[in-house]
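Protein chains in written order, with the working numbering: chain S, 3 to 323; chain Z, 136 to 466.
Read the hints as simulated data drawn from the structure, not as lab findings.
From the three backbone atoms N, C-alpha and C, an ideal C-beta is built for every residue, glycine too.
Just so you know, not all the hints are guaranteed correct.
What the hints assert, rightly or not - Stretch-level coverage of chain Z by chain S, calculated; a stretch enters the list once three of its residues show a Cβ under 8 angstroms from a Cβ in chain S:
#1 322–334
#2 362–368
#3 446–454
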Amino acid sequence: MSAVLKAEGLGVHTGDLALVQDVTLTVGRGERVGLIGESGSGKSLTALALMGLLPEGLHATGSVRLDGSPADLVGADEDELAPLRGKRMSMVFQEPMTALNPTMRIGDQVAEGMLLHRAHRRRAAARSAAVELLDDVGLPSPAEAARAYPHQLSGGQRQRVVAAIALANDPDLLICDEPTTALDVTVQALVLDLITRGVAARDAALLFITHDLGVVATVCDRVLVMYGGRIVEAGEVAQVFTRPRHRYTSGLLAASDLARTDDGRLLTIPGSVPQAGAFPAGCVFRNRCAAATSACETLPSWVGPDPEHGHACVHPVEVPA
Amino acid sequence: MTDPSAAPQPPSQAASQTTESLESDAIASRSNSGDSVASAVAGNESSIIRLQDVRREFRRPRRSLLQPGPVVPALRGVTLDIAAGERFGIVGESGCGKSTLLRIIAGLDRPTSGSVQVAGREISGLREGRLGFLRDQMQLVLQDPMSSLDPRMRVRDIIAEPLVAQGKPHPRTRIVELVESVGLSADALDRYPHQFSGGQRQRISIARALAPDPRILLADEPVSALDVSVRAQVLNLILEIVERLDLTLVFVSHDLSVVRHVCERVAVMQAGEVVEIGPTDQVYDEPAQPYTRSLVAAIPHLRTALEGRTAADLAAGAAAATVPPDRPGEN
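With the hints as constraints, model all of the structure from the sequences given.
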């Protein structure tokens, strides 16, 4: 399996403050990888850094390589990135109302990417391809939807349109940043199905960012757990979610499962996610961790065969043999 | 709803005990499923919130000079009986009318027709100035603690505000007691909302709600803006307070799995109607209505996903959901 996306030592900084540090990840062709973490853990910044879309004032370090393009995407200029974005790699954002242009018709927005990347040279051809795509993503009466404006569609329909735009040029890599967080569960189920089918049909790589463990387990094969701007655990979904090693992962699993203790209370992780820059030195989780000792004051090293499998914890959860 | 007995009751005062029980029998017989008959009857002895055929219609802006604007029904005849001390959940998807229903129960909105009784008193016809008793008895925790706390007020003023508004004394000892009861320290009182994390802000909202010593706590999606690791903390706090102060809890959420852990009884709403009502475990494990089944089937769950349930399976479950053509756009 060839790696479509390979990031090594990726970091995001603003001034002296490190927001994301030392993220190493690969996503192979046809592979579905989840990136999970709570708000403020740096997962969206990681996605923006991969796409070269960091807002002003933030800069990325490390290296990001897309299979088949020689340049390192970190530090690449706009001329190098523009031909890749929307063609080789594309993104589905969380909030479809802000991702779509409110003053443009749906059909034109879908066609825009195909025209820019010369998939179709004639406007009419691109438009009819756009209608086909809208049909593919399951919009009812696609020809009518193509003439509509974003505000005339429901949230789920808008997210289908955003997915259609992202899939328009058959990208090799699709990055989804919380694509279903704003949607109802029934609509979420349909959009998740649409994304996984779209990715499978194109044999594309999928990087799926979410805070919902149930969604990751449904969609992804592999998962990376992020906290405090660092990857703290990684591995196959079945492995990480049934036998977590990092204390944060096991706490997150218990909290999201709404598991109960013997006295009927729900299991929690004490404290709350610190502000950016307020994470402790050493292990980023140690100020909320029950197992923390003075050994956690130095940065724990990665334990595992490769960056895709392992954990960074001094006192990992014991696994029954 | 063509049943003549479902006609809106005039806002009558203090009905006698016999008519009250006759009324609740009528409610029970009008309910949608067999389960709700049992639960409505079980709840009627000490019901603290009673809704009868509550309807709410919103009028869209007119499109023509000659005709009034079209009417959008947000609630199409909701009949509910919530017992004192009960933990009651309301679930449904956006646009189903659950927030409208909560606003009507809280006296922040008025039904177009139907009757709303809280602690035996009719509230739907009352003027704002006469709802003081309701503000004493019932308090609200809203979804987004950032927008429901005034950013320019200190925490102690936020917590004291329900008392100030009612013209009640608000000694510092009481405010300290309130803030400590939600797990914050007294030095939080001099700070502003932006200095707190999302979970702590929601604790401040809860402290404010508890200030007038209410009997009923309404919570509108209180944890959906929170991180997973903090969500359970806030749920624990709500449950602990409800138990300690013996409150009635009405918990509105789109997330059936959260409601399941908080509430004893749940009503499932779709398009302005209660389609299913019953004990939470029963509704969750053996949903009787196709809509509830699809709602449950669409929840991505860790355990079932690890057993091999894919997105396609979820979608197949969700596809059974019938989306009404005229979803009102509120909520």
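Do the hints match the structure? See the list:
Under the rule that three or more residues need a Cβ within less than 8 angstroms of chain S, the assignment of the region 322–334 of chain Z holds, with 3 such residues. Coverage of the region 362–368 of chain Z by chain S holds [criterion: at least 3 residues with CB-CB distance below 8 angstroms; count 7]. Coverage of a stretch by a chain is defined here by at least three residues with a beta carbon nearer than 8 angstroms to that chain's beta carbons; for the region 446–454 of chain Z and chain S the count is 7, and the condition holds.
Against the hints set out earlier in the document, no violation occurs for any number.
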